[in-house]
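Enquirer: In this text, residue positions in the sequence shown follow my numbering: the first is 78, and each later residue adds one.
Simulated from the structure, these hints should not be mistaken for lab results. One or more hints might be untrue.
[As the list claims (entries may be wrong)] Straight-line Cα separation of at most 27 Å, DSSO-like style, residue types lysine-lysine; simulated pairs:
#1 LYS352 - LYS463
#2 LYS301 - LYS366
#3 LYS347 - LYS292
#4 LYS486 - LYS498
#5 LYS486 - LYS426
#6 LYS373 - LYS352
#7 LYS471 - LYS401
#8 LYS426 - LYS414
#9 LYS401 - LYS421
#10 LYS489 - LYS463
#11 LYS471 - LYS366
#12 LYS471 - LYS498
#13 LYS373 - LYS280
#14 LYS373 - LYS292
#15 LYS426 - LYS498
#16 LYS347 - LYS534
#17 LYS426 - LYS347
#18 LYS401 - LYS366
#19 LYS463 - LYS347
#20 LYS471 - LYS352
#21 LYS471 - LYS486
#22 LYS414 - LYS534
#23 LYS489 - LYS373
#24 LYS401 - LYS352
#25 LYS373 - LYS426
#26 LYS265 - LYS373
#27 LYS546 - LYS534
#28 LYS280 - LYS265
#29 LYS546 - LYS489
[Unchecked claim] Estimated spans, in silico, between C-beta atoms of each pair:
#30 PHE277 - GLU490: 35 to 45 Å
#31 THR542 - ALA487: 15 to 25 Å
#32 ASP495 - ASN554: 31 to 41 Å
#33 THR323 - CYS223: 23 to 33 Å
#34 LYS373 - GLY271: 14 to 24 Å
#35 THR484 - ILE222: 19 to 29 Å
#36 ASN420 - ASP256: 25 to 35 Å
No experiment lies behind these values; they were computed from the predicted model shown. From the three backbone atoms N, C-alpha and C, an ideal C-beta is built for every residue, glycine too.
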Amino acid sequence: MSNERRPYDGRGDGRRPYDGRDDGRRPYGGEERDMVPQKKFTVHISDEDYEGESSNRRRTPARQSGHGAYQPQRVRPDDRRRREEDNRITRSDVPISRTRVITSRSGDRYEISEESNLPPHLMKKTNRNQKSRGCFVAVVYAAIICSISALLAFYVVVGINDMFGLVKDQMEIVVSVPDNADLDTVVKLLDENGVVDYPFFFKLYAQLTNDRDFKRGEFTLNRKSDYDMIIRKLTRPATADKSVVTVTIPEGYNIEQIAETLEYNLVCEKEAFYKTIETYEFSHSFYSKIPNNNEKRIYRLEGYLFPDTYDFYMWEGSVAAVNKMLNGFNSRVIENKDVDFWNKANAQKMGMDQIIILASVIERETADPEEMKNVASVFYNRLRNKSYEGIGGKLQSDATRWYPFPTSKAIKESDLTDEQKANWVSDYDTYNLSGLPPGPICCPGLNAINAALNPNKTDYFYFYTAPDKTHYYARTNAEHEVNVNSHR
Numbered sequence: 078m079s080n081e082r083r084p085y086d087g088r089g090d091g092r093r094p095y096d097g098r099d100d101g102r103r104p105y106g107g108e109e110r111d112m113v114p115q116k117k118f119t120v121h122i123s124d125e126d127y128e129g130e131s132s133n134r135r136r137t138p139a140r141q142s143g144h145g146a147y148q149p150q151r152v153r154p155d156d157r158r159r160r161e162e163d164n165r166i167t168r169s170d171v172p173i174s175r176t177r178v179i180t181s182r183s184g185d186r187y188e189i190s191e192e193s194n195l196p197p198h199l200m201k202k203t204n205r206n207q208k209s210r211g212c213f214v215a216v217v218y219a220a221i222i223c224s225i226s227a228l229l230a231f232y233v234v235v236g237i238n239d240m241f242g243l244v245k246d247q248m249e250i251v252v253s254v255p256d257n258a259d260l261d262t263v264v265k266l267l268d269e270n271g272v273v274d275y276p277f278f279f280k281l282y283a284q285l286t287n288d289r290d291f292k293r294g295e296f297t298l299n300r301k302s303d304y305d306m307i308i309r310k311l312t313r314p315a316t317a318d319k320s321v322v323t324v325t326i327p328e329g330y331n332i333e334q335i336a337e338t339l340e341y342n343l344v345c346e347k348e349a350f351y352k353t354i355e356t357y358e359f360s361h362s363f364y365s366k367i368p369n370n371n372e373k374r375i376y377r378l379e380g381y382l383f384p385d386t387y388d389f390y391m392w393e394g395s396v397a398a399v400n401k402m403l404n405g406f407n408s409r410v411i412e413n414k415d416v417d418f419w420n421k422a423n424a425q426k427m428g429m430d431q432i433i434i435l436a437s438v439i440e441r442e443t444a445d446p447e448e449m450k451n452v453a454s455v456f457y458n459r460l461r462n463k464s465y466e467g468i469g470g471k472l473q474s475d476a477t478r479w480y481p482f483p484t485s486k487a488i489k490e491s492d493l494t495d496e497q498k499a500n501w502v503s504d505y506d507t508y509n510l511s512g513l514p515p516g517p518i519c520c521p522g523l524n525a526i527n528a529a530l531n532p533n534k535t536d537y538f539y540f541y542t543a544p545d546k547t548h549y550y551a552r553t554n555a556e557h558e559v560n561v562n563s564h565r
């Protein structure tokens with residue numbers, strides 16, 4: 078056997094030298110063979126990753142000695158161990174359950190088994206790449222989740238706002254609904270007319286509530302209405318069906334009670350009603366004489382919506398409803414020759430608004446037309462004799478203490494906090510202020526207005542209403558205390 082050193086093929090057990098034949102398995106040199114399917118994982122490594130001691134792919138350059146002879150490099154134990162691990166990669170006696178193809182920079186391709194058989198320094202690089210890819214995927218996934226969550230949260234917020242009409246302006250819009258209109262048709266009409274901003278949410282709400290029996294006709298809708306109110310209107314007969322509701326506004330009702338009554342009877346929504354009485358410019362001759370410069374005055378038209386029985390079309394709208402009640406005040410009070418409003422007001426040296434304010438307090442103190450004139454005389458005496466018994470021109474009417482609530486009971490049943498209820502003080506309280514309150518406390522009827530225009534002539538400064546509604550009058554505070562103590 079020749080002593081010539083032959084290269085180790087990396088597959089055997091070290092006893093059989095390489096005979097130079099190509100059996101399709103040799104890993105080094107020769108014609109490159111496609112040993113694995115194209116979908117195998119390919120890793121690019123450098124030549125120095127395979128510097129096996131027996132490798133014939135690379136030799137370490139010889140160091141030039143003084144004699145020019147070839148001197149092999151000294152191999153350290155760590156390098157020898159590393160090379161042995163590299164050589165084991167291509168051993169044929171290692172079972173291969175999953176193969177990979179490794180391509181070096183020089184173009185040589187090698188088949189190896191599991192990733193764990195890579196050299197340790199390659200395994201660290203591979204793991205580091207996998208961790209980097211894992212972190213990148215996690216960041217992208219988190220960004221996608223956050224984006225989707227933000228988008229869903231946005232649509233939930235705008236949907237809720239549209240559902241309850243929270244961020245929309247007051248605007249009454251007339252919508253004509255054809256006969257036998259289905260949900261899709263109604264949703265399209267509401268969207269085109271600007272009643273709803275998000276038709277998808279309205280359609281979903283209508284499907285969930287199962288309210289889809291829409292009526293034909295013209296409906297006055299408000300942009301600020303919630304979905305439930307819109308559906309209530311659309312599922313009840315409209316103006317085109319000539320559906321009429323008869324509504325009675327009792328004497329002594331204030332603006333808030335009237336608003337509740339109109340909404341309950343499907344004439345208009347109370348929020349639209351409040352907006353109309355504060356912002357809409359009506360054409361009545363007396364309208365311009367109503368003060369609008371008192372910051373403490375809560376409702377400008379308080380006192381001028383004449384109490385009466387009216388016929389309204391269902392959902393006729395707030396403008397039409399207010400206009401009809403102002404017409405009632407104009408015809409029954411201002412232009413009524415029997416009342417002779419302007420002449421009587423001038424005789425009392427009172428303006429229109431002062432008469433209506435006084436009439437509203439009288440209305441809340443008693444419902445008896447005859448007693449109203451005596452109560453009016455007490456108030457006039459107090460207003461005109463401010464220094465009498467230290468009264469100071471104060472009406473001291475219990476009816477003014479709760480406004481805009483009609484009674485103390487109404488305050489207890491309100492949405493105010495317990496602290497607000499306990500510390501309630503009205504700007505209209507005539508126990509605290511001298512003269513008339515900032516505005517009317519209700520809408521008085523014709524009897525109260527006549528009493529304010531035609532008070533009885535008395536010297537009473539006090540009156541007491543007993544539990545049985547009987548009235549007791551007194552000239553002095555001492556007499557008044559006797560009446561109170563005697564008729565409780």
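Enquirer: Against each hint, give a clear statement of whether it holds in the structure.
Expert: Hints, one by one, checked against the model:
| no. | hint | verdict |
| --- | --- | --- |
| 1 | LYS352 - LYS463 | violated, 38 Å |
| 2 | LYS301 - LYS366 | violated, 31 Å |
| 3 | LYS347 - LYS292 | holds, 23 Å |
| 4 | LYS486 - LYS498 | holds, 10 Å |
| 5 | LYS486 - LYS426 | violated, 36 Å |
| 6 | LYS373 - LYS352 | holds, 18 Å |
| 7 | LYS471 - LYS401 | violated, 35 Å |
| 8 | LYS426 - LYS414 | holds, 19 Å |
| 9 | LYS401 - LYS421 | holds, 25 Å |
| 10 | LYS489 - LYS463 | violated, 34 Å |
| 11 | LYS471 - LYS366 | holds, 25 Å |
| 12 | LYS471 - LYS498 | holds, 24 Å |
| 13 | LYS373 - LYS280 | violated, 43 Å |
| 14 | LYS373 - LYS292 | violated, 44 Å |
| 15 | LYS426 - LYS498 | violated, 38 Å |
| 16 | LYS347 - LYS534 | violated, 42 Å |
| 17 | LYS426 - LYS347 | violated, 36 Å |
| 18 | LYS401 - LYS366 | holds, 19 Å |
| 19 | LYS463 - LYS347 | violated, 40 Å |
| 20 | LYS471 - LYS352 | violated, 33 Å |
| 21 | LYS471 - LYS486 | holds, 24 Å |
| 22 | LYS414 - LYS534 | holds, 23 Å |
| 23 | LYS489 - LYS373 | holds, 23 Å |
| 24 | LYS401 - LYS352 | holds, 16 Å |
| 25 | LYS373 - LYS426 | holds, 24 Å |
| 26 | LYS265 - LYS373 | violated, 44 Å |
| 27 | LYS546 - LYS534 | holds, 22 Å |
| 28 | LYS280 - LYS265 | holds, 10 Å |
| 29 | LYS546 - LYS489 | holds, 23 Å |
| 30 | PHE277 - GLU490: 35 to 45 Å | holds, 39 Å |
| 31 | THR542 - ALA487: 15 to 25 Å | holds, 19 Å |
| 32 | ASP495 - ASN554: 31 to 41 Å | holds, 34 Å |
| 33 | THR323 - CYS223: 23 to 33 Å | violated, 58 Å |
| 34 | LYS373 - GLY271: 14 to 24 Å | violated, 36 Å |
| 35 | THR484 - ILE222: 19 to 29 Å | violated, 56 Å |
| 36 | ASN420 - ASP256: 25 to 35 Å | violated, 56 Å |
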